[in-house]
Amino acid sequence: MSDSSTIWTEKYRPSKFEEVFGQDEIIKRVKNLTNSLNLPHLLFAGPAGTGKSTLAIIVAKELFKEYWRENYLELNASDARGIDVIRQEVKNFARTKSLGSVPFKIIFLDEADALTKEAQQALRRTMENFTSTCRFILSCNFSSKIIDPIQSRCVVFRFKLLEKKDIEKVMKKIAEKEGITLDEKAYETIYEGSEGDCRRAINLIQASASISPIITEEIINILLSSAKPKDVKVVLDYALSGDFVKSKEKLLDIMLKESVSGTDIIKSIQKEIWNLDVDPELKVKLTEKTGEVEFRLVEGSDEFVQLESLLASFVLAGLGKKL
Amino acid sequence: MPDKPLPLFEKYRPKKISDIRGQDIAVDKLKAFITAFSRGISKKKAMILHGPAGTGKTTLAHAFANEMSYELFELNASDLRNRAKLDEILKPSTLQQSLFAKGKIILVDEVDGVTSTEYGGLAELIALIEKTKFPVIITCNDIWQSKFSLLRSKCELVQVKELNYLVVVQLIKEIALLEKRPLSERVISEIAAKSRGDLRAALNDLHSIIYFDEEILEEEIQLREKTQDIFNALKEIFKLRANQDTLEVYENVNLELDQIMLWLEENIPAEYRGEELAKAYDALSKADVFRGRIIRQQYWHFLVYQNFFMTAGISAAKGIKNLPQRFIKYNPPRRILKIWMINQKEAKKKSIASKYAEFTHTSKKRAMKEFFLASLIMNDVLIKELELDEQEIEYLNERKLQAIEQIKAMQNTTK
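Protein sequence lines correspond, in order, to chains W and E. Per my numbering, residue 1 is the first one in the first sequence, and the count goes up by one each step. Per my numbering, residue 1001 is the first one in the second sequence, and the count goes up by one each step.
Since the hints were derived computationally from the structure, they do not count as laboratory data. All figures in this text were calculated on a predicted structure; none of them were measured in a lab. Take these hints with a grain of salt, some might be off.
To be verified - Straight-line distance between alpha carbons at most 25 Å, and here's what the computed BS3-like set of lysine-lysine pairs gives: (1) E:K1286 / W:K250; (2) E:K1369 / W:K250; (3) E:K1161 / E:K1133; (4) W:K246 / E:K1286; (5) E:K1365 / W:K271; (6) E:K1180 / E:K1161; (7) E:K1369 / W:K267; (8) W:K250 / E:K1133; (9) E:K1286 / W:K11; (10) E:K1355 / E:K1329; (11) E:K1329 / E:K1348; (12) E:K1029 / E:K1133; (13) W:K164 / W:K145; (14) W:K117 / E:K1364; (15) W:K250 / E:K1329; (16) E:K1369 / E:K1349; (17) E:K1044 / W:K228; (18) E:K1029 / E:K1154; (19) W:K91 / E:K1355; (20) E:K1044 / E:K1161; (21) W:K250 / E:K1031; (22) W:K246 / W:K185; (23) W:K257 / E:K1044; (24) E:K1173 / E:K1147; (25) E:K1154 / W:K228; (26) E:K1133 / W:K257.
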């Protein structure tokens, strides 16, 4: 995007290989591949905010220079409705020849691991059909979720979480350019809160800068705790105290307002059980029940009904009864 | 009777005990209690009339006081907090007894809402019962809530049951005639059935249709039959022991099985508690698993199992010994409406998130998750860059304000 952008993640998104902090080894190899002008399909695997999209854009910019926007298509597999939509967009984009001297275009498919196995099979065929005109860069969080036939057609790069020194370098650069000050402890808190996700770190300082140009540990902590999705603890507390109706209402609220899926909810419940104030024996039973409900949730049709049946078990546990 | 703008149930509220229909046992018990109290031989100083709405609990107290020339003092929850008023009422009758009244009756109407913790709650009520020199009558819908356990032990309990269907039919008929609006048997029986023993509801219905044409009325009633059936079906599931007929309960219900599932989901917690609740939801959960399998495999024979868990499964969740007799008002499913309402509200969030996502090379999902930070980041320049429309801007500003307030509040507490 343009340099004048006011979203810092965009404003300070590196546009050259040299500007990227961290991932040194990957940068070196991708740069070589790009310069050879004979780019294979690439698969970028790694956690969010480690530079996968950035690197894809840099590749496009290096290859196509001022024509990069015309020759670069970005799709997000978790947003596009099904593989058919993706195939159609790819077809439309790949039909025309690339502008400039490079004989192919680049399609960046973000979050490719959101596609089902069947959809990935279809994607593999699409990749083959358009190899003459297009190169694919796929990104995913876990390469294990990408089917082997695709992996074998790509050069795989594994991105690591950014280290503290890299995140700090980015922060310092932005602070200097934007005229804001961060104290030493704030750096520390941002790094911890970001969990190595650079995008999150930048969003954190921009959000706090919107409140005050002096960024302290305190404000970062406040932002971190406010930005956290409402957790399921309160839902479980209501259930354990016997207030089933409140508990289910709260659950529905969280699922709808935070747009959390049933499977995500059940995962957080499973993690939360161990912190609950109940007998260890009961925790084992509750975890077993949670597993059973997760299974039924996959088999069944109505996530909410399944979760309600789990909450009813928590009500029982709250009464000290056997499950 | 002159036409006063009164609701029918007020207009025809019985003034004498002999006018009260269908509650003979409750009337006798109340009589016996007051008589025993006045002779100083009653064991308890208060009586609780409990039962579903519209069965005549308050009417009973009023009619009784009226006919026996007692003065009736009504107290509500806020009066219980008012020391001066309480003392005034509790003064011995010799000091302020009215000339004609024989004595006093204290009526505490509808204690359901009184809480056990706050001042002016149950503790004050119990203190009142201990101090009083006059009989206390308490009315309540659901006396079996645990918060009332102490109160129950201090009082005599009298159940005021749902009115018998035939009694309701007869009363509607008589009142309709008095209102010069004779109705067909079908309409009358329809109103009576719908009321399920709640005379106030029946008379309200009657009131609302007195001004209708008979024709519109018939249509109206046909529309209502749909929900009629589901009410009866739910009643059979929840109140009766599972038997061979249980499996066919939904056959006459004019709703899809999917919708019936939502009705069950909504009303299980009203009917079941604790272990029964868990068992009932487990059955519903199993029904849903079979539904999922039908959808995925198109193997329709699974419907047998889905139906089984939705009928017998939920019915058998209750203990065999104590079939629930409490009257429960079933609610139509609210989840779908709630989803729709929240989605309406969140639609703006989604459209903003989708523009933001495209701009920042990320997914909509992630933008939704990061919305809190994003709302702070989005300034006026960015709003233009993202081409947000007016409604989106309004929504965003609202969220932004909320976020800032939340942060300020947290800053204050840490200081």
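- request: Please name the hints from earlier in the document that this structure breaks, with their numbers sorted from lowest to highest.
  value: 3, 6, 8, 9, 10, 11, 13, 17, 21, 22, 23, 24, 25, 26
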